[in-house]
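Colleague: As a plain string of letters, each chain reads:
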Amino acid sequence: MLIPIKWLSEFVEIKLTPEELGEKLVSCGFEVEDIKPVKKCIQNVYACKITNITSHPELPSKMVYSFSRDQERTFTLVADANLCGTGDIVAVAFEKASCTEYVLDFVPSNIGGILNCAKICTGKDLRLDDAECPTQSANDVLKFINVVTGTDVKDLLPNDDIVLDVGITANRTDANSIYGIAREVAAVTGCKLKPLDLSYREFAIDASKTLTLSNEAPDLCKRYMAKIVANVKIERSPKLIIERLNAVGLKAINNIVDVTNYVLYEIGQPMHAFDLAATGGNIVVRRATDGEKITALDDSEYDLGESNLVIANANEPMAIAGVMGGKFHSITDDTVDIVFESAGFARDNVRNTSKALGLRSDSSARFEKGIDVYSQQIGLERATALMFKYGWGKPAKGCLDSREMPSERVKIVFENSEITNILGLEIPKATIKKLLNSLEFEVSVVGRKTIVTVPYHREDVTCVNDIAEELIRLYGYDKIPDAPIETWRLAKGCRSDALKATDKLKNVLIAKGCFEILTYSFTSPKVFDKLNIAEGDVLRNAIRIQNPLGEDLSIMRTVLVDGALKAISNNTQRGNKECRFFEIAKTYAPGVSDKDYPIEKSRLAIVSTSDDFYTFKAIIEEVFSVFNVKARFVRDATAYMHPGRSSAIFDTVSGCKIGSFGEVSADVTNKYEIDRRVYFAQLDLEHILSCISPIIFDPISKYPASERDFAVVVKNDIEVGTIIDVVKDTGGEFLTNVEVFDVYTGSQIESGYKSVAFNMTFRSITRTLTDEEVNIAMSAILDGLTRIGAVLR
Amino acid sequence: MISETIDGIVLRCIEETTCADDMQKINVIKVKYLGKNGEITSVLKSIKDATPEERPKIGKLVNDAREKVELALSKRENEIKEQIKKDKLISESLDVTLSKKRTETGGLNPLSIIKNDILDIFIGMGFEVKDGPEIEFEYYNFTALNIPKDHPSRNSSDTFYISDDLLLRTQTSAVQVHVMKTQKPPIRIVCPGKVYRPDDDATHSPMFQQIEGLVIDKRVTLSDLKSILDEFAKSFFSASTKVRFRPSHFPFTEPSVEVDLSCNKCGGAGCNLCKRTGWIELLGAGVVHPNVLIECGLDPNEYKGIAFGIGVERAAMIKFGVHDMRLLFDNDIRILKQFR
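Each protein sequence line maps, in turn, to chains A and B.
Per this note's numbering, residue 1 is the first one in the first sequence, and the count goes up by one each step.
Per this note's numbering, residue 1001 is the first one in the second sequence, and the count goes up by one each step.
Derived from the structure by calculation, the hints contain no laboratory data.
Using N, Cα and C, we set each Cβ at its ideal position, and we do this for glycine too.
Some hints here could point you the wrong way.
Said to hold, decoys possible - Chain A stretches covered by chain B per the calculated footprint, using a threshold of three residues with CB under 8 Å from any CB of chain B:
hint	segment
1	346-354
2	465-476
Stated by the list, open to error - Here chain B is said to cover these stretches of chain A; the calculated rule only asks that three of the stretch's residues, wherever they fall, bring their Cβ under 8 Å from a Cβ of chain B:
hint	segment
3	128-139
4	163-175
5	381-388
6	501-512
7	519-528
8	531-545
9	656-667
Said to hold, decoys possible - DSBU-like mimics (lysine-lysine), calculated; alpha carbons at most 35 Å apart, straight line:
hint	chain 1	residue 1	chain 2	residue 2
10	A	K433	B	K1218
11	A	K504	B	K1181
12	A	K154	A	K96
13	A	K411	A	K394
14	B	K1319	B	K1265
15	A	K671	A	K617
16	B	K1101	B	K1085
17	B	K1057	A	K671
18	A	K222	A	K595
19	A	K601	B	K1030
20	B	K1218	A	K479
21	B	K1265	B	K1218
22	B	K1048	B	K1025
23	A	K24	A	K239
24	B	K1218	A	K434
25	B	K1242	A	K492
26	B	K1036	A	K154
27	B	K1100	A	K504
28	A	K411	A	K192
29	A	K617	B	K1194
30	A	K24	B	K1319
31	A	K595	A	K15
32	B	K1265	B	K1242
33	A	K586	B	K1194
34	B	K1149	A	K433
35	A	K671	B	K1218
36	A	K6	A	K479
37	A	K601	A	K657
38	A	K504	B	K1275
39	A	K657	B	K1275
40	A	K433	A	K251
Construct the complete structure from the given sequences, taking the supplied hints into account.
Modeller: Structural data, given as structure tokens:
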């Protein structure tokens, strides 16, 4: 909200510099985003140096003034004698020069053979007051001293005003106006708030000029007021209004439109003016019917429907309520009588209509913030008063008001101790009364109770906490002590078990060289095709966002692989070839029904370009080892994986699938523009964390271990996992570890076969094992292996 | 006569031993003189031809000779072994300035580091860590938090919707409601988590992380809030950091405040980081609105609450001097490595 200080000071005396004023506003809850000067609205007028003055060859009363616009360009103009002397720097208006939106009536011409391409200006020509001119009087030619020729005149004149750009929080709908801010400034500086000029005389007007009002949608329009101003004069607004509108960034149109805009900024009440003749004497506030159309003031036609509120006459819509007037029912040059509309439309309906139609206006923007029911009356009276003050029309007697009964003002009853219990500091009784009074709250005290009556414009104040806030923001937040907390009991703070376990997991992964990444929870529905996930696969059943930032961020992810590959792609394309990342994040799936929470499952993703299949698998196995996860790796063909290098992972206890890993297929990595082999794993985080059990000390054996090595030859299609399973199953109670240390195929081995070499460790906790005991175990293992076709090498 | 022979043998043997330069030669010498048929052994063998009177003399001469030879041999042997060790060490010397590719240690994401730092501070003050769903019902995200049906924050321009009822939570405050409805006061919780809003620029990401704090007790005040946040500011930045409250507005707290911390970079004198104000806006906070307490089944006359919400990304940007929030989601390993 732009607040011009001159306009503000019409309502409250400002003794502060703009910066001090800004600080005061910040201290009471209004952010000041910027403080900037408003320059005079003068175009195409420059300070130019007169270089030569000669008599006009044909016209004895005129002189020819030569002047330089800059170092290179010299021009001539024809004017009366004695306006200025050679060497003077004066204001010169060129073609299309204008000030405060008045175009100066100057056109270049040829006067008696001399080119007259500019005009020397007085202060008055530029509509300046005496005080604004560097010269004595506004009647004199504007002269400047020590100025570079060609400087824009508006940079040499005093600023029109200074505006503060003030941020207004959503609750303070009342403060979205000059007067609203003036009220705050008065309260926070202790100055008096001056009343608005709402005075006007009413006239008896032609009895035929009547108006009826019917509000058929009180849910969308809580109050509608209308007043006739008859016999209006349509003309330009005076300088004061134009300058003020300019200062808040508005263009002046004509006095009627300007008055509605002026009131919008001054009071915060959007206004509209209809041509009384176009209303046909009827104003109906109603929902549009489906298929109804309106041509708005922006010359576009809009299709309306049930959800749009309109202001109609007996036949057709005249305005889209709160958004924009209709072209054929608004003010024209031929308008004789006008009807001012001052209404309170529901903010969500205005917002929805404005959004649906793609049509925004100052009015809709204001309505979206919310407006109290009292503003309609003030707005209507203020607009009427301005029309009367400037003699632009005759206010008719009375006005139409859809609201039947004025509502009761809110009363809040509290004890001062309640304020202390909220703030943690005690504000003296008398101060409480003084501060609340300064904000127009009425305060009475009955015994220990304080009764506060809230002014109409403060619809945000409804309970004692609101009162506490009003008090502390004026009293000063800096007075709140940050005393040590005395009232607290000792409490136990801690990380949850899940958080502790997650931290442990992250530490393992970090030690294995993985960096933690963070990728978006939403992604594109196209990823399923990109990842070769089949039509009808359950992974395609993703939650859709109704209003995504873009199609690429429109579904909640069902797998983490897409984010991981994007991170790898970003890195490899920037030359960071070696990456090993992990991410702990959720995947999302629709809930059982609309009334249920969707299913959010935490997952661990690991992705690497720095590993081969087995070193990558070793990272996963290390995680399982630390977390005591008992897992089986089973060949599998995950859609986006290399079919020969892809494994599903099952929990050996429950048999449930707990993840998968493998080499991402080249087909997929190509689509992500990655030119290296990528290994990826996605694991069920909750399962891993659930395997953690309290650590119980397991005594270590004092007796030496026996180690045995051997190699067997098996068919190529027998997986090492199968062999290890047999060894473990048949190895007996003393077998503590089996490790494969070599897998060999080549000239020494028949083709179609491979040699697998193992190391086995046998150990007892109670004694040293005899050779015989180990031999018995070994032969049992060999028997087992023979059954799967293995031959001792 | 025989003593001369023995002396001659010993002299030759010692000479050869001195010249020997490896263990093989030493062994040859050992065999040559001390072996079964060695020269010294042979002299001993000849004892049988001597007279009984001469025998002990010869025996002693031979033993003396043997000791002399063995001593010389073992001395030389040690010298050679020492030399071998020395040679081996010399041959094994490496260029210590050369490095080989190492397995690097990974690292936490900077946002996790900041999140942990913040959580630890509050855990130290007796807060418990809680979490909640990211896809939330509008009731928990808005209605129960006193956000009216027509409030702008419910706009589709400010909230991602899944359906009319379901949305991506816009604030971790939603967790407050779950906790208040299920846990008896006193409550002292911090709730970290991802939240979502439709913004995307240098200072906004559509997905970001917040840490919500909530205290519910019989008597907690705005002054307690200031003390907690003062403690937080001092721990998070430095012992000289100061806290300033500015009035603000959030529907679920009343009074509501924006909390500024004195700029850690310039100490309040004014710099680029604090836009020359000396203060950095870091979080929003306030006294829990009585409507929220009532909605969650708590009597506002019995219980009071204070709450605060910290943006993790913003905290990270300030602490680490990151100017563009998008860099925190960039996942470039060159960035990640800086935070190990």
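Colleague: Could you run down the list of hints and mark each one as holding or not?
Modeller: Against the structure, the hints come out as follows:
1. With a threshold of 8 Å between beta carbons, the proposed coverage of the segment 346-354 of chain A by chain B holds, since 4 of its residues qualify and at least three are required.
2. Using a Cβ-Cβ cut-off of 8 Å, 6 residues of the segment 465-476 of chain A lie near chain B, which meets the minimum of three, so the contact claim holds.
3. Check on the segment 128-139 of chain A: 0 of its residues sit with their Cβ under 8 Å from a Cβ of chain B, so the three-residue criterion for coverage is violated.
4. Using a Cβ-Cβ cut-off of 8 Å, 4 residues of the segment 163-175 of chain A lie near chain B, which meets the minimum of three, so the contact claim holds.
5. Counting residues of the segment 381-388 of chain A whose C-beta sits closer than 8 Å to any C-beta of chain B gives 0, which falls short of three, so the coverage hint is violated.
6. With 6 residues having a beta carbon nearer than 8 Å to a beta carbon of chain B, the segment 501-512 of chain A meets the requirement of three or more and the stated coverage holds.
7. Coverage of the segment 519-528 of chain A by chain B holds [criterion: at least 3 residues with CB-CB distance below 8 Å; count 4].
8. Counting residues of the segment 531-545 of chain A whose beta-carbon sits less than 8 Å from any beta-carbon of chain B gives 3, enough to reach three: the coverage restraint holds.
9. With a threshold of 8 Å between beta carbons, the proposed coverage of the segment 656-667 of chain A by chain B is violated, since 0 of its residues qualify and at least three are required.
10. Distance hint between K433(A) and K1218(B) is fulfilled; the C-alpha atoms sit about 28 Å from each other, no more than 35 Å.
11. Distance check on the hinted pair: K504(A) and K1181(B) sit about 31 Å apart at the alpha-carbon level, within 35 Å; holds.
12. A distance of roughly 15 Å separates the Cα atoms of K154(A) and K96(A); the hinted pair therefore holds under the 35 Å criterion.
13. With a CA separation close to 39 Å, the supplied pair K411(A) and K394(A) exceeds the 35 Å bound.
14. With a C-alpha separation of about 9 Å, the suggested pairing of K1319(B) with K1265(B) holds against the 35 Å cut-off.
15. Our distance criterion of 35 Å between C-alpha atoms is met by K671(A) and K617(A), whose separation comes to about 24 Å.
16. The straight-line distance between the Cα atoms of K1101(B) and K1085(B) is roughly 30 Å, inside the 35 Å bound, and the hint therefore holds.
17. For a cut-off of 35 Å, the pair hint linking K1057(B) to K671(A) is broken: about 100 Å separates their Cα positions.
18. A distance of roughly 34 Å separates the Cα atoms of K222(A) and K595(A); the hinted pair therefore holds under the 35 Å criterion.
19. For the proposed pair K601(A) and K1030(B), the alpha carbon gap of about 80 Å is over 35 Å, so the pair is violated.
20. Simply put, K1218(B) and K479(A) have alpha-carbon atoms about 23 Å apart, close enough for the 35 Å limit, and the pair holds.
21. Distance check on the hinted pair: K1265(B) and K1218(B) sit about 39 Å apart at the alpha-carbon level, beyond 35 Å; violated.
22. Taking the CA atoms of K1048(B) and K1025(B), the gap is about 31 Å. The hint holds against a cut of 35 Å.
23. A C-alpha spacing of about 30 Å is found between K24(A) and K239(A), which places the hinted pair at or below 35 Å, so the restraint holds.
24. Of the supplied pair hints, the one linking K1218(B) and K434(A) holds, its CA atoms being roughly 30 Å apart against a limit of 35 Å.
25. The suggested pairing of K1242(B) with K492(A) holds, with an alpha-carbon distance near 27 Å, which does not exceed 35 Å.
26. With a C-alpha separation of about 125 Å, the suggested pair K1036(B) and K154(A) falls outside the 35 Å cut-off, and the hint is violated.
27. Under the criterion of a C-alpha separation no larger than 35 Å, the hint pairing K1100(B) with K504(A) is consistent with the structure, at around 29 Å.
28. Under the criterion of a C-alpha separation no larger than 35 Å, the hint pairing K411(A) with K192(A) is consistent with the structure, at around 24 Å.
29. For the proposed pair K617(A) and K1194(B), the alpha carbon gap of about 30 Å is at most 35 Å, so the pair holds.
30. Distance restraint check for K24(A) and K1319(B): the Cα-Cα separation of roughly 30 Å lies within the 35 Å cut-off, and the hinted pair is therefore satisfied.
31. With a C-alpha separation of about 59 Å, the suggested pair K595(A) and K15(A) falls outside the 35 Å cut-off, and the hint is violated.
32. For the proposed pair K1265(B) and K1242(B), the alpha carbon gap of about 13 Å is at most 35 Å, so the pair holds.
33. Of the pairs offered as hints, the one joining K586(A) and K1194(B) holds, with about 10 Å between alpha carbons and a cut-off of 35 Å not exceeded.
34. Simply put, K1149(B) and K433(A) have alpha-carbon atoms about 34 Å apart, close enough for the 35 Å limit, and the pair holds.
35. Restraint check for K671(A) and K1218(B): the C-alpha separation of about 59 Å exceeds 35 Å, so the hint is violated.
36. The straight-line distance between the Cα atoms of K6(A) and K479(A) is roughly 32 Å, inside the 35 Å bound, and the hint therefore holds.
37. Of the supplied pair hints, the one linking K601(A) and K657(A) holds, its CA atoms being roughly 14 Å apart against a limit of 35 Å.
38. Proximity of K504(A) to K1275(B) is assessed by CA-CA distance (about 40 Å); at most 35 Å being required, the pair is judged violated.
39. Distance restraint check for K657(A) and K1275(B): the Cα-Cα separation of roughly 54 Å exceeds the 35 Å cut-off, and the hinted pair is therefore not satisfied.
40. Between K433(A) and K251(A), the direct Cα distance comes to roughly 43 Å. Violation of the 35 Å bound is thereby established for this hinted pair.
When each numbered hint is compared with the structure, violations occur for hints 3, 5, 9, 13, 17, 19, 21, 26, 31, 35, 38, 39 and 40.
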